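2 protein chains.
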Amino acid sequence: MRNEKRRFFAAILIIGDEILSGRTQDANTCFLAKWLNERGIQLKEVRIIPDQLRTIINNVNILRKKYDYVFTTGGIGPTHDDITALAISKVFKKRYEYNKEALKILETHYKNSYLNDARKKMAKMPRGAGLIYNPSSSAPGFYLKNVFVLPGVPVILQSMMHSIEQLIKGGQKVFSETVTGKMPESKIGEQFGKLQKKFKDLSLGSYPFFQAGKIGVALVIRGYSKKRILQCKKVLQNLVKKIEKS
Amino acid sequence: MRNEKRRFFAAILIIGDEILSGRTQDANTCFLAKWLNERGIQLKEVRIIPDQLRTIINNVNILRKKYDYVFTTGGIGPTHDDITALAISKVFKKRYEYNKEALKILETHYKNSYLNDARKKMAKMPRGAGLIYNPSSSAPGFYLKNVFVLPGVPVILQSMMHSIEQLIKGGQKVFSETVTGKMPESKIGEQFGKLQKKFKDLSLGSYPFFQAGKIGVALVIRGYSKKRILQCKKVLQNLVKKIEKS
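Chains as they are written, first to last, in this note's numbering: chain D, 1399 to 1644; chain P, 1399 to 1644.
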């Protein structure tokens, strides 16, 4: 479902002490950013915060009002430090209770006898939440209004995105083209800035890289119009060739 | 310089459209988190925001009041989209001007004749800023009060941390120990929660993993007292053994 005339914006809230301690490298931002962009939703902000109830509530409240969609990752497992579902209940002032459908899914998966309290906890969520199905480890995520609650483990999160597909509306897509220059970015900086002034409807970014001892720069053109991006790319390619020869 | 009695907290502000578009995977959070922790500074929040002047200013203002230290990454290169230094000048209401020492460093590095306006831009910063030396590509970062302005390219950022070492004060260090269990986390969830209640001065986190088709869980104990952590670890190890056998 894409509305070509409207622009949609999203934020990600990463909940997890393990990211803030440096123990784990976040991999969800990069995946979600691309996934959203392909659907015409621009990621505008990411926040990484600790597993603290008040902090989660405050941040969800700020982000859900500011953006069309908020995606949270982490904190929906079976242990005591998993408090995202409780926090979301408090955000929307809904009862934090067992979701019958979620409980049934877990019962089937764990075959009743193994469904201890820790596992049952994964079926607890705000009243009125809709489920996000989890084909890889069964415990579902959920959504309420514009907030989508996902797990932190990347492989599980990724397996669940299919179920979100039909729940969100996308808008105008952002396209991009990259021109690579064999030069330090400072050599093209001035003229690249002038090009940005000529193409005010596009967004031009410059990203230096160092690979195998070689210095280079990736010049990225982003925007809503493919045609304009290609016009700009042609000018930029000629500019890069000229500077590389000089 | 470490003050063992005080706790220090920090935030990272990652400035860069390239992270939000999914083009680049952030690698600085993980590195800085560990670096800070080794010095007795706890990372409490990370925000990733676009290259927009107003957004940068607002976020720096919120974070610098909330935490002992703020580290920004990205946006200090030679191109038009590098606006972090200008933003920091506005945050502190200082003139945005050429820093003489920075200019001298760049002149030596680029040998005068090649010092075009784009390169000179890298010496522009708020009046009164102190330099953070850059042994790998010469263009320095800077700091003003509790805000440290670093580049986005990980190898360059990492080479500059040595110069920050003497500028910051650290406090009480957070220690951690990990116990790995060959089980799904839901199998130990309840008893792990009970353990947390017994060791209220520590912070217990549970992180499931899936490696080579095997399911396991990393149980992490964090806290300020090494002795207490080891007490807790012993109890946890026995618990894990018991559950693995059952």
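Hints listed in this document are in silico derivations from the structure and should not be mistaken for laboratory results. None of the values given here were measured: they were computed from a predicted structure. Among the clues, some could well be false.
[Stated by the list, open to error] Across the chosen pairs, the derived CB separations fall in these ranges:
#1 LYS1612/P x THR1506/D: 29 to 37 Å
#2 PHE1490/D x PHE1407/P: 52 to 60 Å
#3 ASP1515/D x LYS1612/P: 50 to 58 Å
#4 PHE1490/P x GLU1436/D: 38 to 46 Å
#5 PHE1490/P x LYS1491/D: 37 to 45 Å
#6 SER1534/P x GLN1635/D: 42 to 50 Å
[To be verified] Now the stretches of chain P that chain D is said to cover, found in silico as 3 or more residues with beta-carbon under 8 Å:
#7 1417-1426
#8 1434-1446
#9 1581-1591
#10 1602-1613
Heads up, the beta-carbon is just placed ideally off N, CA and C, and yes, glycines get one too.
Original post:
Given a hinted range of 29 to 37 Å, is it respected by the beta-carbon distance of LYS1612/P and THR1506/D?
Top reply: violated, 23 Å
Original post:
Is it true that the C-beta distance of PHE1490/P to GLU1436/D lies inside 38 to 46 Å, as the hint says?
Top reply: At 40 Å between Cβs, range holds.
Original post:
Count the residues of the region 1434-1446 of chain P with a beta-carbon closer than 8 Å to any beta-carbon of chain D: does the count reach three?
Top reply: It holds, with 8 qualifying residues against the three required.
**OP:** Mind checking the hinted window 37 to 45 Å against the Cβ distance between PHE1490/P and LYS1491/D?
**Re:** About 40 Å separates the Cβ atoms of PHE1490/P and LYS1491/D, which means 37 to 45 Å holds.
Original post:
Is 52 to 60 Å a correct range for the gap between the Cβ atoms of PHE1490/D and PHE1407/P?
Top reply: The hint (52 to 60 Å, Cβ to Cβ) is violated, given that PHE1490/D and PHE1407/P are roughly 29 Å apart.
**OP:** Starting from the range 50 to 58 Å, see whether the pair ASP1515/D and LYS1612/P falls in it by beta-carbon distance.
**Re:** violated, 25 Å
Original post:
Does the Cβ-Cβ separation between SER1534/P and GLN1635/D fall within 42 to 50 Å?
Top reply: Hint violated: Cβ distance 29 Å, outside 42 to 50 Å.
**OP:** Verify the coverage statement for the region 1581-1591 of chain P against chain D, using a C-beta to C-beta distance below 8 Å and requiring 3 or more qualifying residues.
**Re:** Our answer is that it holds, as 8 residues pass the Cβ test (under 8 Å) against chain D, meeting three.
**OP:** Examine the region 1417-1426 of chain P for residues whose CB is less than 8 Å from any CB of chain D, and state whether their number is three or more.
**Re:** holds (count 9)
Subject >> Per-stretch coverage check for the region 1602-1613 of chain P, three Cβ contacts closer than 8 Å to chain D >> reply: Answer holds; 7 residues pass the 8 Å Cβ test.
In this structure, the earlier hints numbered 1, 2, 3 and 6 are contradicted, and the remaining ones agree with it.
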